[in-house]
Amino acid sequence: MTREMTPAERTAVTMGFEEPDRVPLFLLFTIYGAKELGLSIKEYFSKPEYVARGQTRLLAKFGGDCVTPFCHSASEIEAWGGEVIFRDDGPPNAGRPPIRRPEDIESIAVPAVEESPSLLFGLETIELLKREVGDDVPIVGSVLSPFSLPILQMGFGAYIELLYEEPDLFRTLMAKNEEFCVEWANAQIDAGAAAISYADPLASPDMIPRDLYLRTGHIVAGRTISRIRGGVATSLASARVLPVLEDLAGTGSIGVGVSAFDDLAAVKRQCAGRLTVLGNLNAIEMRRWTPAQAEAEVKKAIAAAGPGGGFILSDNHGEIPWQVPESVLLAISAAVRKWGEYPIE
Amino acid sequence: MGSDIQDSPESVPPPETPASDLKDALLGVDRIRAGRILRDASAASSPISCIETLVVPVLEEIGRDWEQGQAALSQVYMSGRVCEEIVSTMLPPGSPERISQPRIAVSVLEDHHTLGKQILLAVLRSGGYEVIDYGSGVTVDGLVERAIRDRVEILLVSTLMLPAALRVKEAVARIREAMPEIRVIVGGAPFRFDPRLGQETGADAVGYTASDTLAIVRAMTGAI
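Sequence lines, in order, name chains E and H.
Just so you know, full-length UniProt numbering puts the end of the first sequence at 345, numbered straight through with nothing missing.
Just so you know, full-length UniProt numbering puts the end of the second sequence at 224, numbered straight through with nothing missing.
No wet-lab data here; the hints were simulated from the structure.
Take these hints with a grain of salt, some might be off.
[Claimed, not checked] Each computed SDA-like pair below joins lysine to any residue, with the alpha-carbon atoms no more than 25 angstroms apart:
hint, chain 1, residue 1, chain 2, residue 2
1, H, 169, E, 326
2, E, 130, E, 8
3, H, 169, H, 95
4, E, 338, E, 16
5, E, 35, H, 137
6, H, 169, E, 322
7, H, 169, E, 287
8, E, 338, E, 85
9, H, 169, E, 290
10, E, 35, E, 5
11, E, 61, E, 98
12, H, 169, E, 85
13, E, 35, E, 327
14, E, 42, H, 114
15, E, 300, E, 325
16, E, 35, H, 114
17, E, 35, H, 170
18, E, 35, E, 19
[Unchecked claim] With the C-beta cut set under 7 angstroms, the calculated list includes, among others, these residues of chain E facing chain H:
hint, residue
19, 157
20, 169
21, 208
This one's a predicted model, so the numbers in the text were calculated from it and none came from an experiment.
Glycine residues also receive a C-beta, built at the ideal position from the N, C-alpha and C atoms.
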């Protein structure tokens, strides 16, 4: 009998478009660790030790194939001078945007990673996780793309207007955001992250027209990803990806997160041999699944995208909500072991 | 058998109508062209008629296009903003040409993502409605207090995050205790990802897009 692969081996083999021992499972927990440790979400995010402990306990409990230091998107905005608003049962929100008028773009300073407590928190978490899991489990770092970060930096509506009507200020902002993103991503790689999730929801044609993306965010992504010293997978944070798969493949990304609204089998066919597919369990509906439904959803996803490797089972957004019962997560974990062993019938 | 020489359907451009012209201008974010089309239409009939026959149908069509993956959210947002600006000059708030309206309020419950609310406000105002904006990050207590104080008749609750969507239920139940006749419409991403979520909240309707919500409001109130 062949030896069971480690999560890192399993992930590497599938990302090489070959079949590992079974389909890897990325359960991307952020706030869920607080529940596991019996802490409030705010308290949980007060010490890197808590986050690292939460991640390793959840890894042991649910048998996933990765850990992540990612806490919440607002931590990047905090580095830019924004505020974080906590709640008891959900991810923290970014508060008032640090860029309040388009003119602020000229003067806003690019934060240095080594001077930003919220980013240093992430790096320390990676180092703690690395000590725990070594090279056996991939540590997935995370950045908001330079192109999508302004949604939080200045508010979504104001940013859309900038994108259409202020090309010079848009370019200035992208230059600053690219510097920040590259430094932040590489700092995570240097601390021990195996790969970076590049969150770029604005790349989806659900968000902006494809021709506008090709003139803007696509170019930004190509420039940025080429400077990151590690593998980068793009996540559109539950927005549809299928119509821009070719474009994403051209950015240098090596993987892509898939929406619950996408046809997973069609995405897999189009990605084959070029992009590893991550997805696409519906994390919102998951809250009310029964264990039997969870198993059926896992089986369906594996049937659609598992054969041939190049597939990691995950949720469609990159975060397991607080409200999802443990019984569902245990059922997902059991189902991937039952139905995801290669060769898949 | 038809003629041997036929144009394929693709080669015959559809006749340009004010509606198709306006839609094209809005999707291209061409404020000047959109303004000219609407001012011409208004001069030929009336501001109310222009809103009824041109603005509302075109915004509804753009909303449907978004639902079907044929338009982007940025185009929905900019279309609403452009129409809102033009309509506010054609038919200023409080204008005597507006007929009596129900008291409508919109709020982002417990989170701080405002795009959905901004689109909703723009589309409803473009449709000729006056809407009270309760802002974002509104607590359940705050929403209950304000809706009752203002005797709101149609309450629109926008959410982005799942926990906020789940909190709508409590807000609806408490407001209905004081005002059983209130109509509540919920909307936001969680309701798109889980179509059963709307029922759980006790709301009267789910608006899957802003223009969808406009149609629901119009059905609830009758056209302006």
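So, going through the hints one by one against the coordinates:
no.: 1; hint: H:169 with E:326; in the structure: holds (24 angstroms)
no.: 2; hint: E:130 with E:8; in the structure: holds (12 angstroms)
no.: 3; hint: H:169 with H:95; in the structure: violated (36 angstroms)
no.: 4; hint: E:338 with E:16; in the structure: holds (23 angstroms)
no.: 5; hint: E:35 with H:137; in the structure: holds (24 angstroms)
no.: 6; hint: H:169 with E:322; in the structure: holds (18 angstroms)
no.: 7; hint: H:169 with E:287; in the structure: holds (16 angstroms)
no.: 8; hint: E:338 with E:85; in the structure: violated (41 angstroms)
no.: 9; hint: H:169 with E:290; in the structure: holds (22 angstroms)
no.: 10; hint: E:35 with E:5; in the structure: violated (29 angstroms)
no.: 11; hint: E:61 with E:98; in the structure: violated (39 angstroms)
no.: 12; hint: H:169 with E:85; in the structure: holds (22 angstroms)
no.: 13; hint: E:35 with E:327; in the structure: holds (14 angstroms)
no.: 14; hint: E:42 with H:114; in the structure: holds (23 angstroms)
no.: 15; hint: E:300 with E:325; in the structure: holds (21 angstroms)
no.: 16; hint: E:35 with H:114; in the structure: violated (28 angstroms)
no.: 17; hint: E:35 with H:170; in the structure: holds (23 angstroms)
no.: 18; hint: E:35 with E:19; in the structure: violated (34 angstroms)
no.: 19; hint: 157; in the structure: holds (5 angstroms)
no.: 20; hint: 169; in the structure: violated (16 angstroms)
no.: 21; hint: 208; in the structure: holds (4 angstroms)
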